[in-house]
Amino acid sequence: MKQMTELDYLGLPPAKKKLYSIGRFFAAIPGWLLNLLKKIPQGFKKFFCGIGRFFKGIGTIFKEGDFKTRLSFIIMGFGQFFRRQIGRGIIFLFMEAVFIYYMVCFGFGYLKDMGTLGTEAVTKTLNKYGLEVLTYKDNSLKILLYGVLTIFIIIGFIWTWVINIRQNALAQKLIEEGVRPKSFKQDVKSLGDEQYYKTLLAVPLLGIVIFTVIPIFFMILIAFTNYDYSHLPPEKLFGWVGFENFRTMLATDVSGSSKFSFTFREILIWTMIWALVATFSNYFLGMFIAICINKKGIKFKKVFRTILVMTIAVPQFVSLLLVSKMFADEGIVNSILQKLSIISDKIGFMTTPTLAKIMVLVINLWVGIPYLMLITTGVLMNIPADLYESAKIDGASGIKQFTKITLPYMLFVTGPYLLTSFTANINNFNVIYLLTAGAPKTMAYEGGAGQTDLLITWLYTLTMTNNDYKMAAVIGILVFLVVAVISLIVYNLSPAMKNEEDFQ
Amino acid sequence: MSAENKKTKFKSKSRRERVSRIIIYVFLTLLCLIWMIPFFYLIFQAFRGESKSMVTYVFPKEWSLNNFKILFNDTNFLSWYKNTLIIALFNAVLQTVIVLSVAYALSRMRFKGRKLLMNFMLILGMFPGFLSMIATYFILKLIGLTSENAVPGLILIYAASSGMGYYIAKGFFDTIPKSLDEAARIDGASRSRVFFRIIMPMAKPIIIYTIMMAFIAPWGDFMYASLISFGHEEAYNVAVGLYKWLDKEHINNYFTVFCAGGLFVSVPVTVLFMALQRYYVEGVTGGAVKG
Chain F
19 MKQMTELDYL GLPPAKKKLY SIGRFFAAIP GWLLNLLKKI PQGFKKFFCG IGRFFKGIGT
79 IFKEGDFKTR LSFIIMGFGQ FFRRQIGRGI IFLFMEAVFI YYMVCFGFGY LKDMGTLGTE
139 AVTKTLNKYG LEVLTYKDNS LKILLYGVLT IFIIIGFIWT WVINIRQNAL AQKLIEEGVR
199 PKSFKQDVKS LGDEQYYKTL LAVPLLGIVI FTVIPIFFMI LIAFTNYDYS HLPPEKLFGW
259 VGFENFRTML ATDVSGSSKF SFTFREILIW TMIWALVATF SNYFLGMFIA ICINKKGIKF
319 KKVFRTILVM TIAVPQFVSL LLVSKMFADE GIVNSILQKL SIISDKIGFM TTPTLAKIMV
379 LVINLWVGIP YLMLITTGVL MNIPADLYES AKIDGASGIK QFTKITLPYM LFVTGPYLLT
439 SFTANINNFN VIYLLTAGAP KTMAYEGGAG QTDLLITWLY TLTMTNNDYK MAAVIGILVF
499 LVVAVISLIV YNLSPAMKNE EDFQ
Chain A
53 MSAENKKTKF KSKSRRERVS RIIIYVFLTL LCLIWMIPFF YLIFQAFRGE SKSMVTYVFP
113 KEWSLNNFKI LFNDTNFLSW YKNTLIIALF NAVLQTVIVL SVAYALSRMR FKGRKLLMNF
173 MLILGMFPGF LSMIATYFIL KLIGLTSENA VPGLILIYAA SSGMGYYIAK GFFDTIPKSL
233 DEAARIDGAS RSRVFFRIIM PMAKPIIIYT IMMAFIAPWG DFMYASLISF GHEEAYNVAV
293 GLYKWLDKEH INNYFTVFCA GGLFVSVPVT VLFMALQRYY VEGVTGGAVK G
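Heads up: the protein sequence lines correspond to chains F and A, in order.
Note that the first sequence covers residues 19 to 522 in the numbering used here.
Note that the second sequence covers residues 53 to 343 in the numbering used here.
These aren't lab readings, by the way, just hints derived from the structure by calculation.
Every value quoted in this text rests on a predicted model; they were computed, and no experiment measured them.
By construction, the Cβ of each residue, glycine as well, lies at the ideal position given by its N, Cα and C atoms.
A couple of the hints might just be wrong.
[Stated by the list, open to error] Facing chain A, according to a computed beta carbon distance under 8 Å, are these residues of chain F, among others: (1) TRP177; (2) GLY210; (3) ASP211; (4) MET237; (5) ILE311; (6) PRO371; (7) TYR427; (8) THR481.
[Said to hold, decoys possible] With beta-carbon atoms standing in for the labels, derived distance ranges: (9) PHE65(F) - MET326(A): 47 to 53 Å; (10) PRO371(F) - MET326(A): 47 to 53 Å; (11) GLU407(F) - PRO253(A): 35 to 41 Å; (12) ALA502(F) - TYR109(A): 48 to 54 Å; (13) LEU268(F) - PHE79(A): 43 to 49 Å; (14) ILE138(A) - VAL140(F): 35 to 41 Å; (15) ILE291(F) - LEU117(A): 42 to 48 Å.
Pulled out of the complex, with its shape left as it was, chain F reads as follows (with noise of 0.2 Å):
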């Protein structure tokens, strides 16, 4: 679209100035796009030049130290132990010592069975009476995870290796300028100050990495695996299979035998239609019944929100399972509506397909209403109250009040939460796990989906009823994609989330 000056625009009719603002909205769109694109080369060039950076500085520091950092790139603390900080080279020392301790007696072995995760599941022996006797060998599963916490363990020691080469390289330029390096004492003392935040950040660290990276890694490298109900250690062995399964479960031939790309593809759609509508529903209606509550004039205000609040205090497994049974067949709400006459046949809200996915999201509305009610609640409160005077003078009516200044307001307060409750849209487990359990069940889906499941629902119903464990990492994988791209997208549209700093 043409650029227009101001003064043009400034002297378009109103209808027409909406039109150019909407034209200009979409025709930005590609530039956005390829600014993202853009940015992708630039960030891999940062990543490679960073690297580049690291090696050289730890090159330079093997020219430039003398003998004691020299040596102490082989023997960690040698350094330290003859700069007077015998604290840290007893800690860099035992590290090391630890590090080859296990990679001598356990890691190398852990490493070198990880090509093939294991040879021989079981062997039969017959012992001294002729009776066969199995005794399990290798197994696959704890092969692959003893190798990835082996990894670990090497990344650890590695980024222990730089530190303690730093610190040498530290120390010495200290020491020839004349100052005495820190004492074991302050580095102590200086962990309650300026280095407060590593003590702060250690154990929450640990904890992410032992119970959310390495399994994260680990589930990642399963996908490329064969791990399923028929390689199920220790009776069997599983093992690389490379891409295959990404190949099964993205295939664009849909009549093949395996119908997981159909599946996938269905439950995929009904994910993002879920996502979005469960998200835009929620809000408009949670903003509309925050307003008429909001209302001048309008008691009981506190009643109101009190009860409505109730649902998200109650624990989600006892009201959502309760409701699915009132709206099962031989569930309350048929019976009524059979004794009231209304309908002579009960009505299959939760087993017919497209019933039930209505349900779920006019039951999500029951959920989610009362969160976004109490959001928009605190944001309608500061929204400056001269603006709805002025609009009030200048003769605006209630509707015209809303459309130029409450819900452009909200819009730009509440647009990052927006994205955040979209991506936990799709990550909802609780409503229609507890609500249908992904029924009804039908025969043209893979894998024990059902019409209702979502992508997470169906991970789980993979992994806990069917052990199709490396289906189940492909698509985590593949909801990680579509969660990554949404946000990357939507992070590089909007400015408020930026600019952290801006906000203190």
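Once you have looked at the hints, place chain A on chain F.
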């Protein structure tokens, strides 16, 4: 415009206002009724004396406490309840400590790799939680914290992964002026002293919010608890235990017992929530606005 004309116009406007107000009252009342129906239904079913299956009417013909008697005497409910309570108490302490430390470090201190760390946690958060759970299960199994030991296992993983939920607390810390810290540091207070003596007393709302959320979350967790305690009924939490009673085999004998159990779980949690509602609203609105 004559004075009379003006008067009628004024009147008509106020009438319109009144009508719209009445419409809103009716709408809100209706809404509240809809929102309350499931809870009333739960109460009626929990106290129903006759027939333990689902029935075609709402109001019980015979009120009794029989369902609660069955719940406490004939089922594992009490041990589930105990498990959940223990998990919730531990989680309230551990998660609060972890969340507040991470939030403070990221909000107040500037160090190398801070931005990287925040982006990293953001990306980690984009993986579906259950994906990592499968591997976490194997890790827990290695150290023997699954099935019969599911309670310490669950405490461990809730606490371990809680570091990533620092956003709301960080948003709160960000709003406390930095000049306070700086003034104290000029007077010679160390970072840790600033944290405990200056920030903590001011952060009471967010501490209460964090404790409350950490305490309430385990009561509703189904996904992780069902995996970690798989196959060992004694170690279930309330959600997993009660869920079983609504499947096809059990529902005819356990529906009202489920309702009794649900009520018994909901009441304390709801009362706590309602009592601390103010802090919840502050936390959730602040968090949403800050993103």
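Practice task
Could you work out which earlier hints the structure fails to respect and list their numbers in ascending sequence?
Solution key: 1, 6, 7, 10
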